[in-house]
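2 protein chains.
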Amino acid sequence: MARHPPPASQSAPLPSSAEPARHRSRSSRASGRVTLSDVAEAVGVSPMTVSRALRGERRVDPALVEKIRATAAQMGYVPDPAARALASQKSAQVLVLVPMLSNTLFVDLIEAVHKELFAAGYHALIGVTHYDRAEEEQLLRTYLPMRPAGLLLTGFDRSPAARALVAASKVPCVHLMELGDGSGTPSVGFSQADAGASITRHLVERGHRRIAFCAGQLDARVMQRATGYRRALQEAGLYDPSLELLWPRPTSMALGAELLDAALRLEPAPDALFFCNDDIAQGALLEALRRGLQVPQRVAITGFNDLPGSDQMVPPLTTIRTPRSHIGTEGARMLLKLIRGEPVDPPSMDLGYELVVRQSS
Amino acid sequence: MARHPPPASQSAPLPSSAEPARHRSRSSRASGRVTLSDVAEAVGVSPMTVSRALRGERRVDPALVEKIRATAAQMGYVPDPAARALASQKSAQVLVLVPMLSNTLFVDLIEAVHKELFAAGYHALIGVTHYDRAEEEQLLRTYLPMRPAGLLLTGFDRSPAARALVAASKVPCVHLMELGDGSGTPSVGFSQADAGASITRHLVERGHRRIAFCAGQLDARVMQRATGYRRALQEAGLYDPSLELLWPRPTSMALGAELLDAALRLEPAPDALFFCNDDIAQGALLEALRRGLQVPQRVAITGFNDLPGSDQMVPPLTTIRTPRSHIGTEGARMLLKLIRGEPVDPPSMDLGYELVVRQSS
DNA sequence: CTGAAAGCGCTTACAG
DNA sequence: CTGAAAGCGCTTACAG
Chain A
1 MARHPPPASQ SAPLPSSAEP ARHRSRSSRA SGRVTLSDVA EAVGVSPMTV
51 SRALRGERRV DPALVEKIRA TAAQMGYVPD PAARALASQK SAQVLVLVPM
101 LSNTLFVDLI EAVHKELFAA GYHALIGVTH YDRAEEEQLL RTYLPMRPAG
151 LLLTGFDRSP AARALVAASK VPCVHLMELG DGSGTPSVGF SQADAGASIT
201 RHLVERGHRR IAFCAGQLDA RVMQRATGYR RALQEAGLYD PSLELLWPRP
251 TSMALGAELL DAALRLEPAP DALFFCNDDI AQGALLEALR RGLQVPQRVA
301 ITGFNDLPGS DQMVPPLTTI RTPRSHIGTE GARMLLKLIR GEPVDPPSMD
351 LGYELVVRQS S
Chain D
1 MARHPPPASQ SAPLPSSAEP ARHRSRSSRA SGRVTLSDVA EAVGVSPMTV
51 SRALRGERRV DPALVEKIRA TAAQMGYVPD PAARALASQK SAQVLVLVPM
101 LSNTLFVDLI EAVHKELFAA GYHALIGVTH YDRAEEEQLL RTYLPMRPAG
151 LLLTGFDRSP AARALVAASK VPCVHLMELG DGSGTPSVGF SQADAGASIT
201 RHLVERGHRR IAFCAGQLDA RVMQRATGYR RALQEAGLYD PSLELLWPRP
251 TSMALGAELL DAALRLEPAP DALFFCNDDI AQGALLEALR RGLQVPQRVA
301 ITGFNDLPGS DQMVPPLTTI RTPRSHIGTE GARMLLKLIR GEPVDPPSMD
351 LGYELVVRQS S
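Order-wise, the sequence lines are chains A and D. Quick note: the first sequence uses the numbering used here, first residue 1, plus one each step. Quick note: the second sequence uses the numbering used here, first residue 1, plus one each step.
These aren't lab readings, by the way, just hints derived from the structure by calculation. Fair warning: there could be bad hints in the mix.
For chains that are exact copies, the list does not tell them apart, and a pair is met inside one copy or across any two.
Unchecked claim - Think about it this way: if two alpha-carbon atoms lie no more than 20 Å apart in a straight line, the pair counts; the simulated EDC-like pairs of lysine to aspartate or glutamate are:
1) Lys115 <-> Asp132
2) Lys115 <-> Glu137
3) Lys115 <-> Glu135
Work out the full structure: start from the sequences and follow the hints.
Encoded structure:
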């Protein structure tokens, strides 16, 4: 093991920061990679000490740490994530599963998650389930063997097999967007049902009496909003099941136009439409424009989520602003705590929502 | 190494597919993980043979392969990606860097890339640069040490340091969305300049004489579209630099409204506006609606990319449909070839674009 | 077609 | 505060 020539790099000029560190030919590795041992040899200590120093572990002489840090930087040493993962039995990756990226809601969520995680030295590995239980299961089967440090899942609706995979992996996991059932499962979100009830009540207060619920996608959260809608209308004595348009098709602006059309054909016609998501509400608003239908005079329209463009609509859309960025940040923080073995006292964190009244209602 | 009790799992019932395979207590590993050696022992061959059989390498007795496959499946064996990466010096991850996820253009790109890569056994590791060279550099510094099998980058505009990192890593790399400079750099995209010229010419043919170019973000591809715009107007003898509104701010529907306002204040006023992206064009269309400004009679409006909603606008937006899904698919395929060491004969693949004429022009 | 040996680059666990 | 030993779970390269 002593076939290295004496280290010469210490007197070498520092590489320009604009260039990647050159690989040293003095390395014994065929890969040309600078390893922990290379650094250890250059400094004249054991690899273990370098490992400790670089990871900021206690119990290393501060002066030595400084020297090791400097030498490592100068030599362009970068830890090998694969080796680290293999030795420590865990990676720096956090698996983040969302239903869809075309809904900007989840883009906001991911951006916030990434930012928080990256700052803590973790990487977000993003998986998209397309609202498909089988796909989610496959993603878990594929990525769980990578020993992610943590797991961030959207909601609670998944297959028993998926649940079992997560449980068996013992990887710390936080659920986002919804609140748990109080059983102590870590989650960060808000009450989708309460939010649905809130915007429905707003419509009732505005004097509307025949309020339809127009939905596409029909995922778990949409159905929770429907629950809130029902609750609010029942309380007001205005509930009529024939006013629920629950279409399983994926949402889009075009679907919103179709839903508006269908809703207006109901007899007697509704005087207000609660769309389960802003994209279909926007589509409905544009369809109303095309038809010359006055909103909200002829029919009020509301959405959910406050997505980009909703404030630009004609008229601007009344909606529920959901705290997805905040959820991403707090969800990541909670996960980080779990990863570190710290306690999370309220395992379920309610971040609320906000009714944004604009001119469409 | 002979401290295992005799394998009993062969007669054990197959685990229900709805449950993850249980960890065998007979494993010598503290991690409880089923390893290659466990499978080898159960079958009665060497770990090397199991490794070869499971990877589908030639030169293994077909009958043995079958037996190994079955036993591995029954035992719930899953290869450890970290160990594999460490031993083979490369991972199954492909690093995909895009500027922004809030532009659905890149979501479509990523979806297509993921699908193609996943089917080939690779995983897309997504990084978002936010149109920031420093961020891109940092992502490369962070993820390149993971030894990704390949690299998928958006465009060619990056810092010299980023280029150097990519080159030094020797990781196969394909550039997406733009075409190369003909120097043989692998790329899949289309000519942004030609597309910009094409839609400009369309406006000229419609009889417009004062055609403004309204842009936000001003990334490399936007500026290439501007180049095409200029070229087309110069050819028509209609070029006027004062008609170029180049705003560096990030695009949004609200910015589109502002750009419309600014464009209409030009003197003499333009009769057509070419927006560099559909989101700002949509914003402009809505602002025109608010002002009661007739489109296209008073002013024609066109966009770029054909994003969701453009066909729903009032009036529907004339735009350029860009083949991002196709680019994602073909880009991933080209990368897969490079990874396998196969030749890619035209290293630059032009997938074209399509002028979509609707009612806004 | 199959296997024994060595090693990938780290960290864990145990000593001192 | 520091280090020698062993091992994480695979694959490469060399034999046969």
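> Among all the numbered hints in the text so far, which are the ones the structure does not match?
Replying inline: Checked against the structure, no hint fails, so every one of them is satisfied.
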